[in-house]
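Residue numbers (the working numbering), protein chains in the order written: chain E, 1 to 302; chain A, 1 to 229.
Any given hint could be a false lead.
To be verified - The following label-pair restraints were derived from C-beta to C-beta distances:
| # | chain 1 | residue 1 | chain 2 | residue 2 | range |
| --- | --- | --- | --- | --- | --- |
| 1 | E | G112 | A | G219 | 36 to 44 Å |
| 2 | E | D16 | A | A187 | 46 to 54 Å |
| 3 | A | L101 | E | G158 | 25 to 33 Å |
| 4 | E | A157 | A | W23 | 36 to 44 Å |
| 5 | E | E273 | A | I5 | 55 to 63 Å |
| 6 | A | W23 | E | Q278 | 50 to 58 Å |
| 7 | A | I5 | E | M211 | 40 to 48 Å |
| 8 | E | G255 | A | L12 | 56 to 64 Å |
| 9 | E | A157 | A | L24 | 34 to 42 Å |
| 10 | A | A176 | E | M211 | 53 to 61 Å |
| 11 | E | M1 | A | Y16 | 29 to 37 Å |
| 12 | E | G65 | A | Q173 | 37 to 45 Å |
| 13 | A | L101 | E | L101 | 22 to 30 Å |
It should be emphasised that the hints constitute simulated quantities derived from the structure, not laboratory data. Just so you know, even glycine gets a beta-carbon here, dropped at the ideal spot from N, CA and C.
Take a look at the letters that make up each chain.
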Amino acid sequence: MTPAISAAGLTRRYRDQLALDQVTLDLQPGSITGLLGRNGAGKTTLMRIVAGHEFASAGTVTVLGASPAENETVLRQMIFIREDQSYPDFKVRYAVQAASLFYPNWSHELAGALIEEFNLPLNRRIRKLSRGMRSALGIVIGLAARAEVTLFDEPYAGLDPVARELFYDRLLADYAEHPRTVLLSTHLIDEAAGLFERVVVIDRGRIVLNMAADDLRGAATSISGPAIAVAEFTGGRSVWDRRRIASQESAVVAGALDETDRARAAALHLRLEPLTLQQVVVRAAGASMASPAEKNAERTSA
Amino acid sequence: MSTWIKVARYQLTDRYVFLISPWLILTLDFLINVGIVANYPGRQGQVYVGALSAIYIVLLTTGALAIARQLPFALALGVSRRSFYAGTALLALAVAAVYGLVLTLLQLIERGTGGWGLKLHFFRVPYLLAGPWYLSWLTSFVGLALALAWGMWFGIVHRRWGLVGLLSFIAVQALALTAVLLIIAGADDWHGVARFFTTLTIEGLTGLLAALTVALLGGGYATVRRLTV
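Could you build the full structure based on these sequences and the hints that come with them?
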């Protein structure tokens, strides 16, 4: 199957800064992918290049099998709503009307329902909207477009928790009826975790993690209890992190645990706790950050 | 092609920029002129005012706004830069044609009413808009299209290179003009220049302006292609 979004060796350099460094990525059609990472990690740059708004310094990107840059057939099937989306100086209703012009699958019903649910004031000028309301407008347009490839870059800045829940619900409901490829970047990882089928973590322009969300949920477990027991249990396993307070220790082990492992942990009076998506992501981003320092440390000790 | 039409419709979603503001300003401009001329004591003979230039200035800003304000959202909606530019240019040409016709009709009315009963020359401009109606229409069309195309290029330069880029762009145009003047001064051929302009017919001038409009549209098209948002 042709990937919906495919990047190979994608690099973007700005004067003295490397925003994207050899990004290679394939996203299958009909999936919701979370694009996670710290501020300035390169999420927006990646999405801008995928949307054809920015050009790569090196490498290639294809969307639905073709380069998106100035390619009308590809662009027609793609929408990209940014956190800082800039709108013309007109009323909310005109933004919705304008968007409906360009998308063959545009749903007036969905747009109307979402506008009502988000309490969007149709006759207010967009620049007079609050931050949350602007985000809601972007969400309405992004969902009602029913574009084959839907890119949301932190779509819910300033939205209250109720409205965010609403966004997750509506996205999933409409996605179930009209499958498409959704790439969603966010900082609210655990909140959105239920949406993702795949999680991509980007840090300082590099992809540090790219896994199916289900695999990721059991990918690491926190084990805590008496230090001796923890040491016994973790022996021979890959340990990400170890913390010790007096005789109590907690460690994070990578890899899934099976029934025997659990039985053994129970016998050793250890507490097991699977890491949340957010914890895994923080560690993945942290590991890539720590790696140069660790390498230096190894070099000095050697 | 259909995307171009959609872009034109998108540009007209907000009626103010293209449809309302030029005529609002021109109406105010006209009323002020009529008010002044009607109340000017000791007035004799024909009154010539250059106030029609207002609509050209408004359309220059219209062109700039049509790009600078509307482009980022259009790109978010999956419109290519090329289609956005082509659609906007298409609309600009249509608007210039229709507005040129309206100005020509107003000129005919002005002629028929003896300058609105005030001997006012508002829509009639000596040399430029003084010939038969179709020539006035053509010249108005080209002039308005020129203003829009020029404004559009300003808008693109601003989007692409920011304020510094825009100021440099203006400076380059000013320098080019200065260079032309210096060359003429250096050759000391002011007579030749005067001869050129006195022998230049309005048809010839309209043709020159049309060529300039095409050049401006080409420049804008070349600049928009690598624009990023």
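Evaluation of the provided hints:
| no. | hint | verdict |
| --- | --- | --- |
| 1 | E:G112 / A:G219: 36 to 44 Å | holds (43 Å) |
| 2 | E:D16 / A:A187: 46 to 54 Å | holds (48 Å) |
| 3 | A:L101 / E:G158: 25 to 33 Å | violated (48 Å) |
| 4 | E:A157 / A:W23: 36 to 44 Å | holds (39 Å) |
| 5 | E:E273 / A:I5: 55 to 63 Å | holds (59 Å) |
| 6 | A:W23 / E:Q278: 50 to 58 Å | holds (57 Å) |
| 7 | A:I5 / E:M211: 40 to 48 Å | holds (45 Å) |
| 8 | E:G255 / A:L12: 56 to 64 Å | holds (60 Å) |
| 9 | E:A157 / A:L24: 34 to 42 Å | holds (36 Å) |
| 10 | A:A176 / E:M211: 53 to 61 Å | holds (58 Å) |
| 11 | E:M1 / A:Y16: 29 to 37 Å | violated (47 Å) |
| 12 | E:G65 / A:Q173: 37 to 45 Å | holds (43 Å) |
| 13 | A:L101 / E:L101: 22 to 30 Å | holds (27 Å) |
Comparing the model with each numbered hint stated earlier shows that hints 3 and 11 do not hold.
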